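Q: First to last, the protein sequences are chains A and B. If you want our numbering, it's the 1-based position in the first sequence plus 41. If you want our numbering, it's the 1-based position in the second sequence plus 41.
If you are wondering where the hints come from, they were derived from the structure by calculation, not from laboratory data. Treat the hints with care, since some could be wrong.
Because identical chains cannot be distinguished in the list, a pair is counted as satisfied if it fits within a single copy or across any two copies.
Straight-line Cα separation of at most 20 Å, SDA-like style, residue types lysine to any residue; simulated pairs [what the hints assert, rightly or not]:
| no. | residue 1 | residue 2 |
| --- | --- | --- |
| 1 | K99 | F73 |
| 2 | K439 | N112 |
| 3 | K385 | D81 |
| 4 | K348 | K431 |
| 5 | K108 | E430 |
Here the structure is a predicted model, which means the values were calculated and not measured.
Number of protein chains: 2
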Amino acid sequence: MKHLIGNLLYGQSGGPTSIINTSAYGIFIEAFKHQDIIKDVYAMNYGIKGLLLDKLTKIDKDDKDLKKLLNTPGSFYGSNRFKLKSYKDDKKTYEKILNTFKKHNIRYFFYNGGNDSMDTIHKIGDYFKLNNYECNCIGIIKTIDNDLPHTDFSIGYPTAAKFIINSAIEIYLDDHSYEEGRINIVETMGRNAGWLAASAKLMEIKGIKADLIYVPEIIFDIDDFLDRVKDIYNKNKHALVIVSEGLKNKDGEFIFQTNSLLDSFGHNQLGGLSIKLANLITNKLGIKTRYYELSLLQRANSTSISKTEQKIAINLSKFAVKEAIKGVTQKAVVIKRVSSNPYKVKFETVDIGEIANQERYLDDKYIDKDNHYITDKFVEYLYPLIDKEKGLLDFYKK
Amino acid sequence: MKHLIGNLLYGQSGGPTSIINTSAYGIFIEAFKHQDIIKDVYAMNYGIKGLLLDKLTKIDKDDKDLKKLLNTPGSFYGSNRFKLKSYKDDKKTYEKILNTFKKHNIRYFFYNGGNDSMDTIHKIGDYFKLNNYECNCIGIIKTIDNDLPHTDFSIGYPTAAKFIINSAIEIYLDDHSYEEGRINIVETMGRNAGWLAASAKLMEIKGIKADLIYVPEIIFDIDDFLDRVKDIYNKNKHALVIVSEGLKNKDGEFIFQTNSLLDSFGHNQLGGLSIKLANLITNKLGIKTRYYELSLLQRANSTSISKTEQKIAINLSKFAVKEAIKGVTQKAVVIKRVSSNPYKVKFETVDIGEIANQERYLDDKYIDKDNHYITDKFVEYLYPLIDKEKGLLDFYKK
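Make the full structure from the sequences, and use the hints.
A: Set out below in structure tokens:
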């Protein structure tokens, strides 16, 4: 087989995660193994923007600290919010990109991001073909939202889920320090997909549970919500409710922006959903509340990374480099589950267009719609991804 | 020496921490070593309330899971908000307490809490003396606020500080994923004392820093604050500001309750300080912000407990039991620093009245008033308590 000989370029895009740099690490160490084919390894500074300004960082294979990328949250090489237009609408940008690739003889291109980023690779790859520039372009999937199709999970999700479960356990135990607790509203990320909120289901493994888990796939009704939390609190003197930031009403409006909440509290810009729901409860029901916006700690937490995810992220990146060397291009690398117990996966490639601009919602089989909760089937899905028993807080029980 | 022979009672009070149950564990395992003196070991259910209702839990010395108390956040045996009045004003309560002690032949009493709880021991101990009931009463200090006097630190503070430092590092790195970031406002607990906010100073050990650290010991001026964050952001395109929840203006009013913030946003009940400051910045300066209320995750985080603190907490409890057996009563056990490097401590007792209802503010020598920041001296204080290098996120640097 005749391989493309040249340099490799890696870039990061979209929202950071605590594990995106682990994907970078996997790419780099695999690339260094193939020095007859891949000569130099570069990373873009701030994604596509760095490409347009010809700002690249050469990766030093002798850097002993490189392994620390595994514990580094944020997008170490820099991300950006640049949205690539179509070739027809922005020829100049495409020409600049191609020039930078040519100048540095980039023949392997790995772009690490969510569905927007997959669309970017798609467009760049098409443009290269049109111009007969040989370069193998591969997408490395990343998003804590877990909303990419054709993969068992997106890199970033398990660690974020693990943080959410343990935080929810901590909040639960703190609240139960008192005989009479509060109604606790925990807000997770997830504009359209409920994967992150659903993770709190796994508190059950430790013998405790959230009372309600609201995901954006199900229409949110404020009056029904108030009735439910009132009943739960009156019965137990404690309540724990998990809400996705992106809950919507029957008209498809985001709850945190709807008049029903704004009318009572005035200002749209003040905070997210959890704070508004907590204030609504206090005002309407007179019950003490606490709200928790887990905010970007859920995507940046690095003290309790899922080891299972870390290992898979490295191996998926290695697989991507090996596939690219074989000549694969315009594909994303994805994870297929072979078995849940023991958890085994294999890696595959899918056409980049199959992932670009797609959104994968929480499966119906995982949603207990009537009870605003999550089904037992979801445990089988998530438990292996968070290191199983080892990933959960091992607290004392009565 | 003639020892008091009887049973031991342990109770928890005040706000929970992630390490209060570690103090319990230390008491229990030391007590089990002295079975000729201490017969049975009990814990109060929900503190003083459990005492009044005669609800005690017997601790099983053969329980193999007891060690899990070391990883259990919240007050496992239950806390309460009960404030004991003076003997004169509430004789009945004191009589009930004494009856429960007599009924269970409690001769050793350990109460685990902050300055209010020390006051409770003080009052109960005095009442026992008045009634010739022999019982050795010892206070085990606990508060993440670190505002108790006569001790190197309060049990709960180092682990909370470690969580704050690592969270601030994560927020910093996440924000630096983009070339142009935001003004990030991180709110820590601390109504009157700035120990928790000050901890972010230790980001410097990893070569990065917060731009401003506001502690309640220093008067907060909103206009000066806006000027400073504007200058920092315009220069760096990033800003990280740590604020104590209890910041006050020159009239001693809490900032989050002052008209200067409420006038612009209306509703007092909506959230804490960080959200209001973030909105103020956005509205007045037109700069993008993020706010982070670390809320009770800072007191309940159990995935990154300081090992240094854990060890000291166990040993301090053991010391307390040994002192009580020797006949010591009406004292609190405290930590005295012998050296910082290597970190060495010794344990002492102080009169309970010396701690009850006292508040220890952040020392002047730790406050850089002109720059709204923390001095280098503070690093020597805190660094040993958070496991030094091992306690901090070991991330990759350029």
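Q: For each hint, tell me whether it holds in the structure or not.
A: Okay, the hints, checked on the actual structure:
no. : hint          : result
1   : K99 <-> F73   : within (12 Å within a copy, 61 Å between copies)
2   : K439 <-> N112 : between (35 Å within a copy, 14 Å between copies)
3   : K385 <-> D81  : neither (33 Å within a copy, 50 Å between copies)
4   : K348 <-> K431 : both (10 Å within a copy, 19 Å between copies)
5   : K108 <-> E430 : between (26 Å within a copy, 17 Å between copies)
The structure fails hint 3 only (numbered hints given earlier).
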